[in-house]
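Participant: Since chain A is already given, all that's left is putting chain B on it; use the hints.
Residue strings, one per chain:
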Amino acid sequence: GENVEQHPSTLSVQEGDSAVIKCTYSDSASNYFPWYKQELGKRPQLIIDIRSNVGEKKDQRIAVTLNKTAKHFSLHITETQPEDSAVYFCAARDGGYQKVTFGTGTKLQVIP
Amino acid sequence: DAGITQSPRYKITETGRQVTLMCHQTWSHSYMFWYRQDLGHGLRLIYYSAAADITDKGEVPDGYVVSRSKTENFPLTLESATRSQTSVYFCASSERKDTQYFGPGTRLTVL
Numbered sequence: 001g002e003n004v005e006q007h008p009s010t011l012s013v014q015e016g017d018s019a020v021i022k023c024t025y026s027d028s029a030s031n032y033f034p035w036y037k038q039e040l041g042k043r044p045q046l047i048i049d050i051r052s053n054v055g056e057k058k059d060q061r062i063a064v065t066l067n068k069t070a071k072h073f074s075l076h077i078t079e080t081q082p083e084d085s086a087v088y089f090c091a092a093r094d095g096g097y098q099k100v101t102f103g104t105g106t107k108l109q110v111i112p
Numbered sequence: 001d002a003g004i005t006q007s008p009r010y011k012i013t014e015t016g017r018q019v020t021l022m023c024h025q026t027w028s029h030s031y032m033f034w035y036r037q038d039l040g041h042g043l044r045l046i047y048y049s050a051a052a053d054i055t056d057k058g059e060v061p062d063g064y065v066v067s068r069s070k071t072e073n074f075p076l077t078l079e080s081a082t083r084s085q086t087s088v089y090f091c092a093s094s095e096r097k098d099t100q101y102f103g104p105g106t107r108l109t110v111l
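Top line first, the protein sequences correspond to chains A and B.
For what it's worth, the working numbering labels the leading residue of the first sequence as 1, then goes sequentially.
For what it's worth, the working numbering labels the leading residue of the second sequence as 1, then goes sequentially.
Isolated chain B, as found in the complex:
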């Protein structure tokens, strides 16, 4: 678990501001994922990446942007934050063994 970290752990921002959530893993896993967790919805996939410079949309990508220039980092950017993006965000990584390992999460509040 210590191999995947997220920063910041807590963030409060205002509507319309740009916010970037960071994810870093030390296992050299090929796959990385961003999920958001909201009550009643479980974990919903925002974006995922199969390798550096390869990203693809998940279930709820609107309003988010990702990049992956290095294998170990997978930042998630909210270009213009909205109140509906208030959520807990989890990053995860995996190899082709299927098991996804989750980071500690970032609690984001958009005022």
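With the rest of the complex left out, here is chain A:
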């Protein structure tokens, strides 16, 4: 089955700096890669996603890049704000089913 590895597990940045979270996946058939943000005590919520036919996608301060050859994808947050502090999960969906495999999460702390 699919295996998703996520790094780093914790990340501290100063407000206004950029944050980068990296993930790798094992199944070359995976074709959908969502990113979720989970605030303390809350449910995971989708913040951005990318499909395998696209190399990069942006939404305001958030961007995701995908390298299919290397089987890795990354989340980039620019101009970080304190409200960006949360746990971020990457995930990969295999090509044939709706099953999504999640990474183990990155706890992002934005220091004011």
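None of these hints come from the bench; they were simulated from the model.
Treat the hints with care, as some may be off.
Unchecked claim - Cross-link-like lysine-lysine pairs, in silico, DSS-like; alpha carbons within 30 angstroms at most:
| no. | chain 1 | residue 1 | chain 2 | residue 2 |
| --- | --- | --- | --- | --- |
| 1 | B | Lys57 | A | Lys71 |
| 2 | A | Lys42 | B | Lys70 |
| 3 | B | Lys70 | A | Lys99 |
| 4 | B | Lys57 | A | Lys37 |
| 5 | A | Lys58 | A | Lys22 |
| 6 | B | Lys70 | A | Lys68 |
| 7 | A | Lys37 | B | Lys11 |
| 8 | B | Lys57 | A | Lys99 |
Facilitator: Below, chain B without anything else, positioned relative to chain A:
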């Protein structure tokens, strides 16, 4: 988000008891999922369902049972609860657009 609910939100039970966690969605999504979330493990898939009466195992199905007699409901039963099943349980649903929407979660403690 209000379209998917879970009950109870908090549950304390004892080892060996049967517990059922409920999940209900109002979007008529075909797919529904159960995950457990533990520190250091992220979200792990327990069971999923592609439609009413169709279910399949995920990564960590042992000790759990699911059913889906109606599209909108997907209950998860722990037949004989163990301490290792203490966790936060999330239900999710999706259509074939891929985006999974999560419920608010159930925090289960097994004593």
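Participant: All hints, please: hold or fail.
Facilitator: Status of the hints after comparison with the structure:
| no. | hint | in the structure |
| --- | --- | --- |
| 1 | Lys57(B) to Lys71(A) | holds (26 angstroms) |
| 2 | Lys42(A) to Lys70(B) | holds (27 angstroms) |
| 3 | Lys70(B) to Lys99(A) | holds (20 angstroms) |
| 4 | Lys57(B) to Lys37(A) | holds (25 angstroms) |
| 5 | Lys58(A) to Lys22(A) | holds (16 angstroms) |
| 6 | Lys70(B) to Lys68(A) | violated (38 angstroms) |
| 7 | Lys37(A) to Lys11(B) | holds (25 angstroms) |
| 8 | Lys57(B) to Lys99(A) | holds (10 angstroms) |
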